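With the sequences and hints as input, model every part of the structure.
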Amino acid sequence: MNLAQQLINGLVLGSGYALIAIGWTVLLGAARLVNFAHGQLYMLGAFVAWAIMQKLGLSYYLAVPLAVLMLGLLGVLLQVMMLPLVMQQNLTSLMIVTLGFGYVFTGGASKIFGGDPQAFVSPLTAASIRFGDVWFTWADVVTLVGTLILFAVLWLVLNRTRTGAIVRSVAEDPKLAQLFGINAALVYIGVFVFECAAVALGAGLVAPRSPILTSMGFDEVILTFVIVVLGGIGSVGGSLLAGFGLGMFTALFGALVSPAHTTAAAFFVLLAVLVLRPGGLAAK
Numbered sequence: 001m002n003l004a005q006q007l008i009n010g011l012v013l014g015s016g017y018a019l020i021a022i023g024w025t026v027l028l029g030a031a032r033l034v035n036f037a038h039g040q041l042y043m044l045g046a047f048v049a050w051a052i053m054q055k056l057g058l059s060y061y062l063a064v065p066l067a068v069l070m071l072g073l074l075g076v077l078l079q080v081m082m083l084p085l086v087m088q089q090n091l092t093s094l095m096i097v098t099l100g101f102g103y104v105f106t107g108g109a110s111k112i113f114g115g116d117p118q119a120f121v122s123p124l125t126a127a128s129i130r131f132g133d134v135w136f137t138w139a140d141v142v143t144l145v146g147t148l149i150l151f152a153v154l155w156l157v158l159n160r161t162r163t164g165a166i167v168r169s170v171a172e173d174p175k176l177a178q179l180f181g182i183n184a185a186l187v188y189i190g191v192f193v194f195e196c197a198a199v200a201l202g203a204g205l206v207a208p209r210s211p212i213l214t215s216m217g218f219d220e221v222i223l224t225f226v227i228v229v230l231g232g233i234g235s236v237g238g239s240l241l242a243g244f245g246l247g248m249f250t251a252l253f254g255a256l257v258s259p260a261h262t263t264a265a266a267f268f269v270l271l272a273v274l275v276l277r278p279g280g281l282a283a284k
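Mapping to the working numbering: the sequence shown position 142 is 142, numbers consecutive.
Wrong hints could be hidden among the right ones.
[Claimed, not checked] Label-pair distances were calculated between CB atoms; the ranges are:
| no. | residue 1 | residue 2 | range |
| --- | --- | --- | --- |
| 1 | 87 | 3 | 45 to 55 Å |
| 2 | 56 | 107 | 20 to 30 Å |
| 3 | 259 | 116 | 17 to 27 Å |
| 4 | 129 | 178 | 25 to 35 Å |
| 5 | 121 | 259 | 18 to 28 Å |
| 6 | 267 | 155 | 24 to 34 Å |
| 7 | 57 | 172 | 40 to 50 Å |
| 8 | 88 | 268 | 30 to 40 Å |
| 9 | 272 | 4 | 20 to 30 Å |
| 10 | 77 | 51 | 16 to 26 Å |
| 11 | 131 | 271 | 30 to 40 Å |
| 12 | 274 | 56 | 21 to 31 Å |
| 13 | 81 | 272 | 16 to 26 Å |
Think of the hints as simulated: they come from the structure by calculation, not from any bench.
All values reported here derive from a predicted model rather than from experimental measurement.
For glycine and all other residues, C-beta sits at the position ideal for the given N, C-alpha and C.
What follows is the structure, given as structure tokens:
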């Protein structure tokens, strides 16, 4: 086993995991909501970008930002539809509704795009960089650097700006925040839009590594759940740390044991960490 290569693979995997999970982290932290259509939004982000490239003939570099924009607009629509439940904090109904949205997205996508795997090609995956026995692609570099930049900016916004203070106040006590004149509904919409846009960006950077299918999304939800819980509910830094940790574990476990059992092994790690630190890695 090439240990250096597996560590590089782990860093890249971890950055992809963290990027896909960041939207859910913020949604849980700011709105105390779970979106069970998260994996299907990832699938939609990949297929929207692919369709823009195939049907409109635009480049990958235009298709991904357009997919991010379109998923953000979809987020506005979905959150406006769910807003009465969100304002009531009716979590059970919201879980059922988002689960239903997931099935609708999967069925609709299969009707529009078909059930066959499609090649979502990124020019970044074609160019590789080699240092001795270690190699990686420009897609790996962009994913890693982009994830670090996004997390840094998000942390600064949430912890060093007035906008972040408003989001945190709504997360702490939405009714009290409204008494002080804060528009909680607008905060909820903004957070949900961020989740949809962020998962579309994750799809644009991560999905080209393999053929895309309208049935995909389940594994992404599972990994997102593991990362969010490991990192600590709503913790941006914790999610980044958990993403990298899970990426390293997945790469090494796949190389040493079997890639087929990495998801089960990830849940074992989750259980072990929660026994030792019930609040996640970021818990004090």
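Hint by hint, here is what the structure shows:
1. 87 to 3: 45 to 55 Å: holds, 51 Å
2. 56 to 107: 20 to 30 Å: holds, 24 Å
3. 259 to 116: 17 to 27 Å: holds, 24 Å
4. 129 to 178: 25 to 35 Å: About 51 Å separates the Cβ atoms of residue 129 and residue 178, which means 25 to 35 Å is violated.
5. 121 to 259: 18 to 28 Å: For residue 259 against residue 121, whose Cβ atoms are near 23 Å apart, the range 18 to 28 Å holds.
6. 267 to 155: 24 to 34 Å: Hint holds: Cβ distance 28 Å, inside 24 to 34 Å.
7. 57 to 172: 40 to 50 Å: Holds, at about 48 Å.
8. 88 to 268: 30 to 40 Å: holds, 37 Å
9. 272 to 4: 20 to 30 Å: holds, 26 Å
10. 77 to 51: 16 to 26 Å: Roughly 19 Å apart at Cβ, these two residues keep to the hinted range, so it holds.
11. 131 to 271: 30 to 40 Å: holds, 37 Å
12. 274 to 56: 21 to 31 Å: Distance hint for residue 274, residue 56 is violated at roughly 46 Å.
13. 81 to 272: 16 to 26 Å: The hinted range 16 to 26 Å is violated for residue 81 and residue 272, with Cβ atoms some 39 Å apart.
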